[in-house]
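A.B. asks: Residue strings, one per chain:
Number of protein chains: 2
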Amino acid sequence: MAAARRLTQRSARQQARRFLVEGPQAVAAALELGAAGHADLVTELFVTPAARERHPDLLAVARNAAVSVVPVTPAVLASMAETVTPQGIVAVARFLDVGLEQVLAGQPRLVAVLAAVRDPGNAGTVLRCADAAGADAVVLTTDSVDVYNGKCVRASAGSLFHLPVVRSVEPTVAVTQLRQAGLRVLAAAGGGPTDLDDLADAGGLTGPTGWLFGNEAWGLSGRLTALADDVVRVPIHGRAESLNLATAAGVCLYASARAHRDHGR
Amino acid sequence: MAAARRLTQRSARQQARRFLVEGPQAVAAALELGAAGHADLVTELFVTPAARERHPDLLAVARNAAVSVVPVTPAVLASMAETVTPQGIVAVARFLDVGLEQVLAGQPRLVAVLAAVRDPGNAGTVLRCADAAGADAVVLTTDSVDVYNGKCVRASAGSLFHLPVVRSVEPTVAVTQLRQAGLRVLAAAGGGPTDLDDLADAGGLTGPTGWLFGNEAWGLSGRLTALADDVVRVPIHGRAESLNLATAAGVCLYASARAHRDHGR
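Listed in order, the protein sequences are those of chains A and B. Heads up, the first sequence is in the working numbering, so the first residue is 6 and it goes up one at a time. Heads up, the second sequence is in the working numbering, so the first residue is 6 and it goes up one at a time.
With the rest of the complex left out, here is chain A:
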């Protein structure tokens, strides 16, 4: 239990190569992935008496998978959670990120790269959105938040367990490798020269695409945008100065999804 509690710290996660999964939705997604062949993904499950009554289905799946189920009091559970409302259930899971080479070997058609994204809630929201838009993978570069941060896992609403996630790749290496693998790398930037709708109209989104999203406050570095094939702005039709990161990512990824659909992906 103390070992699990330490996983709220990035360094402890890194050492154990395990992280906390909080709340029934995320735990269900983790157990489902475990059952789907990613054996031993979930190692422990901590539940309060109330949660045990509320989620007999989860408990059954856990027992079938020989996951160790540990009953805890609400106070103990709260002490091991990073989010405010873990809803009585926290699991310990093994790291499940994969290498960029492995992702690229699968000939992905849509990849989202988060470069220097620092807010875990934003990172998790973009992960969820990338999943919804049918992306084949999400890459978090070395200067981004830890994808195993509790707030990120929570904001991803289970999507961390739905699509391959790559972490700890140097930003310039990520862009270079995506391009070498035949993806068109598009940097999303408010001041970009290319309008997203124009690009879609011109058929510029139909091929394999890697979207590059930058920091919430300062966006993408010039060094990184210079490596991209194009720098694309979501058009601002009104008087807002910009869009927030998750909204912009949603609009870009869904523009790609629509273009891929129209071209019989």
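Treat the hints as calculated values from the structure; they're not laboratory data. On a predicted model such as this, the values are computed, not experimentally measured, just so you know. Be aware that a few hints might be false.
Because identical chains share one entry, a pair is satisfied inside a single copy or across any pair of copies.
[Unchecked claim] Below, in silico cross-link-like pairs of lysine to any residue (SDA-like), each with a Cα-Cα straight-line distance of 20 Å or less:
1. Lys156 / Ser247
2. Lys156 / Glu246
3. Lys156 / Gly126
4. Lys156 / Asp124
5. Lys156 / Glu221
6. Lys156 / Val81
7. Lys156 / Leu204
8. Lys156 / Gln30
9. Lys156 / Asp102
10. Lys156 / Arg15
11. Lys156 / Asp235
12. Lys156 / Ala17
13. Lys156 / Val66
Assemble the complex: chain A is given as a structure, and chain B must be docked to it using the hints.
C.D. replies: For chain B alone, kept in the frame of chain A given last:
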């Protein structure tokens, strides 16, 4: 100063018909709107010595507009702010919402309606996104969060001062009036029968459109979706169960913006 501090409470805002505007970006947008004809919008400006040095431009605009500028210590300023980092500057502004009739008289082409949206950050983010997508107005129904809540004002990043906002309209009245004014009302719902991309392909987004977005957790009520012209889902291509409210709103509003642009709005 005590009067300003009370404006962190909804009831006090309602009584005074004034609210707090926190941070230089939002204050600049308020002063700009004041200068653009909405006279007496900003009534007071509280600034710390550091903020006064950092924003001489804002101070000059305020003085030109005969806004009362009150120097305060950082501690006093923090005590009157709702957000964590007001960055040394807080203004008091008069309510600026308008009636739905007034908005409809302007023959709007794109309106976003927030029904039972409870999180102020979400409401502000959608407001910002509606502004960016070129919406003509945003409507918050009676069961939604107060648009003058500090977190909502902050999340709107100035957009509260960029486009007309309507509040305190009964949800069913809002939908009925939008339809009577000739707008096609589209309810955004995860399980909706109509796919957003299909609708766009079929030309269903080219006319005047009112988008209806519901509560973060439970979506729109059946009573409300029954009143809409169509119930539309953002397609889920991957395995995510749903999108979060702000992302879904962004994708829908930008789909409308693109359709309007393509039809020479």
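A.B. asks: Take the hints in turn and mark each one as holding or not.
C.D. replies: Now the hints, each set against the structure:
1. Taking identical chains as interchangeable, the C-alpha atoms of Lys156 and Ser247 lie at most 20 Å apart only when they sit on different chains, with a minimum of 18 Å there against 25 Å within one chain.
2. Within a single copy, Lys156 and Glu246 get their C-alpha atoms only as close as 28 Å, which misses the 20 Å cut-off; across copies the closest is 18 Å, which meets it.
3. Taking identical chains as interchangeable, the C-alpha atoms of Lys156 and Gly126 lie at most 20 Å apart whether they share a chain (6 Å) or sit on different chains (16 Å).
4. When the C-alpha separation of Lys156 and Asp124 is checked against a cutoff of 20 Å, the pair qualifies both within a copy, at 9 Å, and between copies, at 17 Å.
5. Both within a single protomer and between protomers do Lys156 and Glu221 lie at most 20 Å apart by alpha-carbon distance, with minima of 16 Å and 18 Å respectively.
6. Taking CA atoms no more than 20 Å apart as the test, Lys156 paired with Val81 passes inside one copy only; the shortest distance there is 19 Å, against 32 Å between copies.
7. Proximity of Lys156 to Leu204 under the C-alpha cut-off of 20 Å is found in neither arrangement, the shortest distances being 34 Å within a copy and 35 Å between copies.
8. Taking CA atoms no more than 20 Å apart as the test, Lys156 paired with Gln30 passes inside one copy only; the shortest distance there is 14 Å, against 27 Å between copies.
9. When the C-alpha separation of Lys156 and Asp102 is checked against a cutoff of 20 Å, the pair qualifies only within one copy, where the shortest distance is 17 Å, while the shortest distance between copies is 35 Å.
10. In this assembly of identical chains, Lys156 and Arg15 lie within 20 Å of each other by CA distance solely inside one copy; the values are 12 Å within and 29 Å between copies.
11. In this assembly of identical chains, Lys156 and Asp235 lie within 20 Å of each other by CA distance neither inside one copy nor across copies; the values are 32 Å within and 35 Å between.
12. When the C-alpha separation of Lys156 and Ala17 is checked against a cutoff of 20 Å, the pair qualifies only within one copy, where the shortest distance is 16 Å, while the shortest distance between copies is 34 Å.
13. Taking the shortest alpha-carbon separations for Lys156 and Val66, neither the intra-copy value of 25 Å nor the inter-copy value of 41 Å comes in at or below 20 Å.
Hint check: violations occur at hints 7, 11, 13; the rest are consistent with the structure.
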